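With these hints in hand, go ahead and build the complete structure from the sequences.
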Amino acid sequence: MGKIQIYIENKPYVVEEGLTILEAAKICGYNIPNLCTWKNGECSLASCRVCLVKVEGEKRLVPSCAYPIRDGIKIFISDPKAVVARRTSVELLLSNHSFNCQSCRKNGQCELLEVAKRVGARPDQYMGEMTKFHYDDVAPSLIRDTNKCILCGRCIEACKNTQGIGILGFEQRGFNTFVGPAENRSFNNVPCIQCGQCTLVCPTGALMEHSEIDKLDQAFQEGKYVIVQTAPAVRAALGEEFGEKIGTSVTGKMVAALHRLGFYRVFDTNFGADLTITEEANEFIQRITSHRPGPMITSCSPGWINYIEYYYPELLPHLSSCKSPHEMVGAIIKSYYAEKHNIDRSQICVVSVMPCTAKKYEKDRKENSVDGIQDVDVVLTTRELGQLIRRSGIMWKKLPDEEFDNDLIGDYSGAGVIFGVTGGVMEAAIRTAYHILTNEELEPIEFTPCRGLEGIKEASLKIMGQEYHFAMCSGMKNAKAILEQIKNNTCKYDFVEVMGCPGGCINGGGQPYVFPVFLPNEDDDIQYTYIQKRANVLYQEDRNRKVRRSHLNPDIITLYKDYLGEYGSPKAHKLLHTSYNYHREKYPDLNEN
Amino acid sequence: MKDTKKIKSLAELTKKISNCEDCLKNKFSGKDNKRHIVVCGGTGCLSSDSQLIIDRFNQIIKEKHLEDKVSVNVVGCFGFCSQGPFVKIYPEDTLYHAVKPKDCERIIEEDILNNRIVEDLLYEDPNTHKKVQKQDDINFYKKQLRIALHGCGTINPEILDEALGYDAFKGLIKALSMERSAVIQEILDSGLRGRGGGGFPTGRKWKFAFDQENDEKYVVCNGDEGDPGAFMDRSILEGNPVSVIEGMMIAGYAIGAKNGYFYVRAEYPIAVKRLQIAIKELEEVGLLGDNILNSGFSFKVHVRLGAGAFVCGEETALLNSIEGKRGMPRPRPPFPAVKGLWGKPTIINNVETLANVPYILRIGAKEFAKIGTERSKGTKVFALGGKVKNVGLVEVPMGTTLRELVFDIGGGIPNNKRFQAIQTGGPSGGCLTLNELDTPIDFDNLIEKGSMMGSGGAIVMDEDNCMVDVAKFYLEFICDESCGKCSQCRIGTKRLLELLTTVTEGKATMEDLTKLQTLSESISAGSLCGLGQTAPNPVLSTLNKFKDVYVRHVQDKKCDAGVCKSLISYYIDSNKCKKCSLCARNCPVNAISGVVGKEPFTIDLNKCIKCGTCISACKFNAIYKR
Amino acid sequence: MRLRKEAVDMIKEICNRYKDEPSPLMLVLSDVQKEYGYIPLEVQEIISNELNIPVSDIYGVVTFYSFFSLTPKGRYVIGVCIGTACYVKGGQNVLDKFSELLKIKPGQTTEDGLFTLDGLRCIGACGIAPAIQINGKVYPKVKLADIPKIIQEYRDKEME
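Chains A, B and C, in that order, are what the protein sequence lines are. The numbering of the first sequence is my numbering, which starts it at 3 and goes up by one. The numbering of the second sequence is my numbering, which starts it at 20 and goes up by one. The numbering of the third sequence is my numbering, which starts it at 3 and goes up by one.
Be aware that a few hints might be false.
Unchecked claim - DMTMM-like mimics (lysine to aspartate or glutamate), calculated; alpha carbons at most 25 Å apart, straight line:
(1) C:Lys139 - B:Asp122
(2) B:Lys344 - C:Glu102
(3) B:Lys629 - C:Glu102
(4) C:Lys36 - B:Asp499
(5) A:Lys61 - B:Asp463
(6) A:Lys548 - A:Asp403
(7) A:Lys482 - C:Glu47
(8) A:Lys134 - B:Asp499
(9) B:Lys344 - C:Glu37
(10) B:Lys534 - A:Glu316
(11) B:Lys629 - C:Asp148
(12) A:Lys83 - B:Glu540
(13) B:Lys161 - B:Asp139
(14) B:Lys629 - C:Glu47
(15) C:Lys107 - B:Asp499
(16) C:Lys99 - B:Asp488
(17) C:Lys14 - A:Glu131
(18) A:Lys482 - C:Glu52
(19) C:Lys21 - B:Glu495
(20) B:Lys389 - B:Asp463
(21) B:Lys344 - A:Glu44
(22) B:Lys584 - A:Glu131
(23) C:Lys14 - B:Glu342
(24) A:Lys588 - C:Glu15
(25) B:Lys119 - C:Asp148
(26) C:Lys21 - B:Glu302
(27) B:Lys626 - C:Glu47
(28) A:Lys76 - B:Glu540
(29) C:Lys99 - B:Asp623
(30) B:Lys363 - C:Glu15
(31) C:Lys143 - B:Asp144
(32) A:Lys5 - A:Asp73
(33) A:Lys489 - C:Glu37
(34) B:Lys277 - C:Glu23
(35) B:Lys358 - A:Glu19
(36) C:Lys139 - C:Asp98
(37) A:Lys588 - C:Asp11
(38) C:Lys14 - A:Asp81
Read the hints as simulated data drawn from the structure, not as lab findings. Fair warning: this is a prediction, and the values are worked out from it, not measured in the lab.
This is the structure we're talking about:
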């Protein structure tokens, strides 16, 4: 790409060609307000009209997000007409937007509110009728409030193009247009996998996770043993909620905060990850030795489980039957742990802090309970934990570093930590499977083909003369590609790891928002680099752990020795394995007679 | 009989054309010793039973065994729809209007068999009250010059031979003998500008697409005519579909496209049917398909139906619609000529534009450029409507004044009412006032006067039209038809409409008028597509030219035209009231009381819903509104 | 509602008709609307599976274009033109009159399933304004007084 000269407010700059005005202006030091743009996505490109600028020679104002620069272009951001038009666009959007900003959970992270401030929107300029709105809080994971939607189309982009699903779309026309599932159905009533990727891009409070803080409050109220566990990806991002730079590890502060919030015990889901690995690696070996048709596919991402149940039920036999790590931890807390401490299991409330919205749905599945009692009772997202900490008055910067509680299931390996990033489960599983097959340890321990953020990665490894092929993918669009291979019998893999969200759990639907407008101190390209930065936190923690192989986690060894017996024992099956729904209706009410 | 033999070479086509021409000439001149009845088969006349007229003629001919003496044929729209159905007799060229099936017998008996003109079926000039026998002598047709409408009302649109006998394919033959770049140069030289609204030079559009290196390019014909009040594209497609197909083929040859798409409104079933018949016939004789006339040029034509969305007249929305998506416009650049249908270079021309193309090739760019004004060449078809005596389609040279359009061709305002304004350009346009009537019509003049050509709607308003209400009508239309994509148009036009409504309800303040102006300007500068950018035009132009009307609504709470219901009341003139009680009996809300024969009736203004029923009921003109 | 097998086959056949077209959705929906009468979600789901397009996209298209309908239309669809020419000549009053007599609002269908009332944008019959269209048949220069007769004409037709 060549360099060209452009002018902003008559001042010359040299930039790379092929950029839009918005991108070029940012490089030159101008942040033009915008709402409907998102990375390189098409969204509903140029629809919000918030980034209008004047370009010499153009009769009308142009949207800087869609207008390509050319050599010699003269751009005027502060042209009086452009200033007024940008303000009018925002005022118009506000006139058709819910007015409960004070109590909106998005307050503080609402891009619309921020942009309104920046363009100097005046109150009550264009009041009038509002589009009929729809509020959906039926689904366990997600809430949709069209009264706050500004039709930027980012969520459609995320759902359709990033995930390849397309639950959300523009419906109706003109002033009646809304974004939602067909017929304005609830997320519960359509084949939505509840991954929450849409919540990560929504600039307003129109799409958010279904908060369970109330449920937690009630458990405390009832005097239960409220035991919390946190997924690996949470520590890689929670700091962002409190102004830490992206990529800061906050494990110690997070644990300290949880202790101060009054939880009975603070555990790490990584213990569950280690348990998953031992069970899953064992299951994998069982499969290959009994020559069941491959590949085996991982099952720890509930969005992914939803996807395969809805769209490829015929391939469900390929799924590992292992519960996801936090469910395993829940099951173990309510059995082994409860028995050891002589606590009535019905008096335990297991809270999982997850980077994920789909886990809220997962915990309610009847398959994820033992003897009628749910393994996990409450699932909070990383964002909700942030809210909980803010609510408590805890000052983040004054928190010390503390350790997880060392109580039967407190230890975890580095292998468990890397679960949070795409390829991590596979790398962890290979470390343990290699050991089971060979009785030796894999060296070097870091199996790098599993690393990187590409949508689909491949790896192979020779174990005792036999070559095994692995694939790791994240995002449903990529999973679909592999599922199609399996369907067409062209799949060469033995073991496939699938993560519902692009990049894995570190980019889960429950993670903190990455809106550049609120991140003045991050790099310009933060939207493209934050996943890697979060991943680095986990790989670093893996390196720092003394034990880095799941099967060597001493608490895991004790658990099997004292309680479960063998890998894959009947007891392990009862507690740690699940089953799937082969007949999940995409539109449950549609085909009733 | 239909000749399904393939026409494989230029020589064969020339011979065929010559045969067809002779055939048609004989018919028009009477050399075949036969009389020919043609009946208008346009949508307007068909709705007034012109099909029954054709059936009736055929029936009589059969009963009386007149097959050797007379034929009956359907032709396309005559344009003068308010006076239809039309029946024309060749070779005398006698034109009968407002014919009813029961008149057929007389036409056959008197005119065909006894050569006596049926006087009472002739058109009568509304101003001179003289009967006129021939079409060309009717004032409505006198100032017209028919290029785009060539053949409409003359040939049977469902028979290819008639088109071939009436100049079809001469333009393509010429084009195929030229270099592709020379064809584009010809269009550039002709000065042809897009007839769909924008007036962008057609040749330049073609040149952009020509310059793109790509194996696949497309020509799209925009037949999604949506401006309320405009129906020229429908008439052209109904009257001479082959001319538009030929124009598309010339465009395809010039830019290097092998496929053309017609996007026609589904509301136009007759146009679609005739277009499809024409395509089928052309395919059968090999004038569409591979290696046409052995020239190496291949072209296929496809038809797509619009599904009821005005915004699809916007070219990028139209492309999305063809691609099976919601008709939401795309930002430009990239322009369709670079990245259009399925991402390929695409030119999109309106029906009327393409209908001009064969003519330009046929007579040459130089001759074409002699017609019109300096910067707008050729003719423009207008759909003249509203409060004007002669309603219909007229094609006039650019440069004709609005006064000629309204008063000479249109015959002036009916019922001795006062001319107030003429609205051009539909919902994207604006209105022109009495002092602007001498403006010569062309693209730039109209824009300068705060309106635009648009697709050619021309609606005349008289003193009974409230200009605020007119602006509100267009805004309502736009609000309904906004695609909803961009904020300025989706919400902005809604707010404009709400503001206008407060004006018509007498609830607005002078600040609201300022707000109306600034919001209009913002929408105009800041909307994504042409629909939104021009949506405020009806508001801006009425606000600028009829400010006093707005102010009267705001300050005096009066609507002098008596249109805005909230601002008028109904009264009974006690001097005129005959105490008959007819009004009271018709009133749906029992708001009128009085004593029959004794006390004059009065309206209870608190109960009155201003429906106007009483005014129509009263036989003595005793009820008035103020 | 679960669709009958014949209905499913019919929708599939329509989809199959356009399998060689680059973007068949509009063509399919037009035919389904014409032949099935309306396009409910059940039908959209079949089309979604056949054409491999998300249901939300199809629903978005169906609700964008006024020709497509999610609910069955009446046997007779009365379209009253409210384009400019007709509006100026009283088209709105014609629509209001139909609305009053049929006791339905524009866009609705009478309880007996006989009539659907629509306000149409310009149908290009400006020369004969105000015009209405019933199942494609255009009525020119409609007067308010004619309307009861027009409705009765179709009611009588039903009685036959």
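Hints and how they fare:
For the hint linking Lys139 of chain C to Asp122 of chain B, the alpha-carbon distance of about 22 Å falls within 25 Å, and the restraint holds. Our distance criterion of 25 Å between C-alpha atoms is broken by Lys344 of chain B and Glu102 of chain C, whose separation comes to about 36 Å. Distance restraint check for Lys629 of chain B and Glu102 of chain C: the Cα-Cα separation of roughly 15 Å lies within the 25 Å cut-off, and the hinted pair is therefore satisfied. A C-alpha spacing of about 24 Å is found between Lys36 of chain C and Asp499 of chain B, which places the hinted pair at or below 25 Å, so the restraint holds.
About 15 Å separates the Cα atoms of Lys61 of chain A and Asp463 of chain B, which keeps this hinted pair within 25 Å; it holds. Only pairs whose Cα atoms come within 25 Å are accepted, and Lys548 of chain A paired with Asp403 of chain A is accepted, the gap being roughly 18 Å. A C-alpha spacing of about 19 Å is found between Lys482 of chain A and Glu47 of chain C, which places the hinted pair at or below 25 Å, so the restraint holds. Taking the CA atoms of Lys134 of chain A and Asp499 of chain B, the gap is about 15 Å. The hint holds against a cut of 25 Å.
About 21 Å separates the Cα atoms of Lys344 of chain B and Glu37 of chain C, which keeps this hinted pair within 25 Å; it holds. Of the pairs offered as hints, the one joining Lys534 of chain B and Glu316 of chain A is violated, with about 61 Å between alpha carbons and a cut-off of 25 Å exceeded. Between Lys629 of chain B and Asp148 of chain C, the direct Cα distance comes to roughly 21 Å. Compliance with the 25 Å bound is thereby established for this hinted pair. Only pairs whose Cα atoms come within 25 Å are accepted, and Lys83 of chain A paired with Glu540 of chain B is accepted, the gap being roughly 9 Å.
Among the hinted pairs, Lys161 of chain B with Asp139 of chain B is consistent with the structure: their alpha-carbon atoms are about 22 Å apart, no more than 25 Å. With a C-alpha separation of about 48 Å, the suggested pair Lys629 of chain B and Glu47 of chain C falls outside the 25 Å cut-off, and the hint is violated. The straight-line distance between the Cα atoms of Lys107 of chain C and Asp499 of chain B is roughly 16 Å, inside the 25 Å bound, and the hint therefore holds. Annotation: proposed proximity of Lys99 of chain C to Asp488 of chain B holds, straight-line Cα distance about 20 Å (limit 25 Å).
Note on Lys14 of chain C and Glu131 of chain A: the hinted pairing is violated, with a Cα-Cα distance of about 42 Å set against a maximum of 25 Å. The hinted pair formed by Lys482 of chain A and Glu52 of chain C meets the criterion: a straight-line CA distance of about 17 Å does not exceed 25 Å. The straight-line distance between the Cα atoms of Lys21 of chain C and Glu495 of chain B is roughly 39 Å, outside the 25 Å bound, and the hint therefore fails. As the CA atoms of Lys389 of chain B and Asp463 of chain B are separated by approximately 18 Å, the hinted pair is consistent with the 25 Å bound.
With a C-alpha separation of about 15 Å, the suggested pairing of Lys344 of chain B with Glu44 of chain A holds against the 25 Å cut-off. Restraint check for Lys584 of chain B and Glu131 of chain A: the C-alpha separation of about 21 Å stays at or below 25 Å, so the hint holds. Of the supplied pair hints, the one linking Lys14 of chain C and Glu342 of chain B holds, its CA atoms being roughly 20 Å apart against a limit of 25 Å. About 23 Å separates the Cα atoms of Lys588 of chain A and Glu15 of chain C, which keeps this hinted pair within 25 Å; it holds.
Taking the CA atoms of Lys119 of chain B and Asp148 of chain C, the gap is near 19 Å; set against the 25 Å cutoff, the hint holds. For the proposed pair Lys21 of chain C and Glu302 of chain B, the alpha carbon gap of about 22 Å is at most 25 Å, so the pair holds. For the suggested pair Lys626 of chain B and Glu47 of chain C, the alpha carbons sit about 52 Å apart, so the restraint of at most 25 Å is broken. A distance of roughly 22 Å separates the Cα atoms of Lys76 of chain A and Glu540 of chain B; the hinted pair therefore holds under the 25 Å criterion.
About 23 Å separates the Cα atoms of Lys99 of chain C and Asp623 of chain B, which keeps this hinted pair within 25 Å; it holds. Between the alpha carbons of Lys363 of chain B and Glu15 of chain C the distance comes to roughly 30 Å, so the proposed pair goes past 25 Å and is violated. Between Lys143 of chain C and Asp144 of chain B the alpha-carbon distance is near 21 Å, which keeps this suggested pair within the 25 Å criterion. Restraint check: the Cα-Cα separation between Lys5 of chain A and Asp73 of chain A comes to about 9 Å, which is no more than 25 Å; the hinted pair holds.
With a CA separation close to 35 Å, the supplied pair Lys489 of chain A and Glu37 of chain C exceeds the 25 Å bound. At most 25 Å may separate the alpha-carbon atoms for a hinted pair to count; Lys277 of chain B and Glu23 of chain C meet this at roughly 16 Å. Note on Lys358 of chain B and Glu19 of chain A: the hinted pairing holds, with a Cα-Cα distance of about 19 Å set against a maximum of 25 Å. At most 25 Å may separate the alpha-carbon atoms for a hinted pair to count; Lys139 of chain C and Asp98 of chain C meet this at roughly 20 Å.
Distance restraint check for Lys588 of chain A and Asp11 of chain C: the Cα-Cα separation of roughly 20 Å lies within the 25 Å cut-off, and the hinted pair is therefore satisfied. Between Lys14 of chain C and Asp81 of chain A the CA atoms are separated by roughly 55 Å; this puts the pair beyond 25 Å, and the hint is violated.
Hints 2, 10, 14, 17, 19, 27, 30, 33 and 38, counting from the list given before, are not met by this structure.
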